[in-house]
Amino acid sequence: MNHLFLTQPGYESFLAGELSAQGTESGRSGPGWLETRGEPARFSDLCFAHMGLIDAAEITGETINAVAASIADLFMESMQKERIDNPWPCLFLCAPVDKLSHRVNAINKAATALLQKRVSRVIKLSRPECPPGFGMRRGLIAYFPEFGRCCMTRDFYHGGQRRMKDDPRAPSRSFLKVEESYGILGRQPAENERVADLGAAPGGWSFSAAQRGAHVVAVDNGPLKAGAHNHPAIEHRRDDAFSFGPCSGNRFDWLFCDMVEDPYRVLSLLEKWVDKQWCRYCIVNLKFGRTDPLRLLDSVRNSRVLKQRCHVLQVRHLYHDRDEITVAGICG
0 MNHLFLTQPG
10 YESFLAGELS
20 AQGTESGRSG
30 PGWLETRGEP
40 ARFSDLCFAH
50 MGLIDAAEIT
60 GETINAVAAS
70 IADLFMESMQ
80 KERIDNPWPC
90 LFLCAPVDKL
100 SHRVNAINKA
110 ATALLQKRVS
120 RVIKLSRPEC
130 PPGFGMRRGL
140 IAYFPEFGRC
150 CMTRDFYHGG
160 QRRMKDDPRA
170 PSRSFLKVEE
180 SYGILGRQPA
190 ENERVADLGA
200 APGGWSFSAA
210 QRGAHVVAVD
220 NGPLKAGAHN
230 HPAIEHRRDD
240 AFSFGPCSGN
250 RFDWLFCDMV
260 EDPYRVLSLL
270 EKWVDKQWCR
280 YCIVNLKFGR
290 TDPLRLLDSV
300 RNSRVLKQRC
310 HVLQVRHLYH
320 DRDEITVAGI
330 CG
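Take the sequence shown: its position 67, counted from the start at 1, is 66 in numbering that gives the first Met the number 0, and no numbers get skipped.
Hints may be right or wrong, so weigh each one.
[Unchecked claim] Heads up, simulated DMTMM-like pairs for lysine to aspartate or glutamate below, C-alpha to C-alpha not over 25 Å straight-line:
| hint | residue 1 | residue 2 |
| --- | --- | --- |
| 1 | Lys271 | Glu260 |
| 2 | Lys275 | Glu234 |
| 3 | Lys224 | Asp274 |
| 4 | Lys286 | Glu270 |
| 5 | Lys224 | Asp322 |
| 6 | Lys306 | Asp274 |
| 7 | Lys224 | Glu270 |
| 8 | Lys164 | Asp322 |
| 9 | Lys108 | Asp72 |
| 10 | Lys98 | Glu76 |
[To be verified] Simulated restraints, written as ranges between beta carbons of each label pair:
| hint | residue 1 | residue 2 | range |
| --- | --- | --- | --- |
| 11 | Asn249 | Gly22 | 41 to 49 Å |
| 12 | Lys306 | Lys123 | 44 to 52 Å |
| 13 | Arg102 | Asn301 | 40 to 48 Å |
| 14 | Leu99 | Gly221 | 37 to 45 Å |
| 15 | Pro222 | Cys246 | 19 to 27 Å |
| 16 | Pro8 | Asn64 | 23 to 31 Å |
| 17 | Lys306 | Leu124 | 36 to 44 Å |
| 18 | Lys123 | Lys164 | 20 to 28 Å |
FYI, nobody ran anything at the bench for these hints, they're computed from the structure.
All of these numbers come straight from a predicted model, not from anything done at the bench.
Glycine is no exception: its CB is placed at the ideal position from the N, C-alpha and C atoms.
I would like the entire structure built from these sequences, with the hints used as guidance.
Okay, structure coming up:
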């Protein structure tokens, strides 16, 4: 069985390494995608996979109308014994190839017009996005890795990564990473919960939690800026993030950490907080930079403390991540 995996452009080799560790052989690849032979053992364990198209059919055609007709025909054939009564994802995507998006948009419009004539009720329920969270989904995904070739499937795995809407009051773009992380974890800070944000400056993550009504202790010797500066729900403590901890007998609901530090040192800090049960939920970024990200992934997944203390642990390379991975967990 052949699948097509999507990832952030430039990180294909890391995804190939993950798949290889599961015994899955990679085939052709390009910017933001790679094909595989065989069934990956655990889709949910893939950090760098944003989406996996399951047993995708390959469509070729010279004209926009020809490709659109093939997509419509395959969709109709696949739903002969299926009834669709709820909103479902319908996405036309493409690799970052010059002018390819214009062609894909035209094919999308043509295919949608054909399907509206045949199954108008079903098409009205389609949505150009995946529902929040991660896991196996059913809908229609048409991905164009290059001109003249489309890979289409009804069944796909979604890793939960998604582009988030910016807030002009947020102090930095790192705000987008923690906003995206809530969907991966399935939880977000709530009113009156307590958040420790280690290495908080300039305060993007603190601002995100405070906007939801949480009380934040932002730990950093540097200044907070923009919406985090003088926010009534944010207490700025000029202290060292690695030595900070809750007062005796207390604990925080959330641990945030997005520091530009050695990733193994930050991982040890996360393990300390989890082992001492200083938090119930955690979202931590590990900057791999010159560090081997696959080795770092193994260290996270094989951490004795995290395996024993976290009954939910998700590790993802987010849409808004660069040379970093995000660890999100629920601690027992």
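Hints and how they fare:
no.: 1; hint: Lys271 - Glu260; result: holds, 16 Å
no.: 2; hint: Lys275 - Glu234; result: holds, 23 Å
no.: 3; hint: Lys224 - Asp274; result: violated, 32 Å
no.: 4; hint: Lys286 - Glu270; result: holds, 16 Å
no.: 5; hint: Lys224 - Asp322; result: holds, 24 Å
no.: 6; hint: Lys306 - Asp274; result: holds, 10 Å
no.: 7; hint: Lys224 - Glu270; result: violated, 29 Å
no.: 8; hint: Lys164 - Asp322; result: holds, 21 Å
no.: 9; hint: Lys108 - Asp72; result: holds, 15 Å
no.: 10; hint: Lys98 - Glu76; result: violated, 30 Å
no.: 11; hint: Asn249 - Gly22: 41 to 49 Å; result: holds, 46 Å
no.: 12; hint: Lys306 - Lys123: 44 to 52 Å; result: holds, 46 Å
no.: 13; hint: Arg102 - Asn301: 40 to 48 Å; result: holds, 45 Å
no.: 14; hint: Leu99 - Gly221: 37 to 45 Å; result: holds, 42 Å
no.: 15; hint: Pro222 - Cys246: 19 to 27 Å; result: holds, 25 Å
no.: 16; hint: Pro8 - Asn64: 23 to 31 Å; result: holds, 29 Å
no.: 17; hint: Lys306 - Leu124: 36 to 44 Å; result: holds, 41 Å
no.: 18; hint: Lys123 - Lys164: 20 to 28 Å; result: holds, 25 Å
Of the numbered hints stated above, those contradicted by the structure are hints 3, 7, 10, listed in ascending order.
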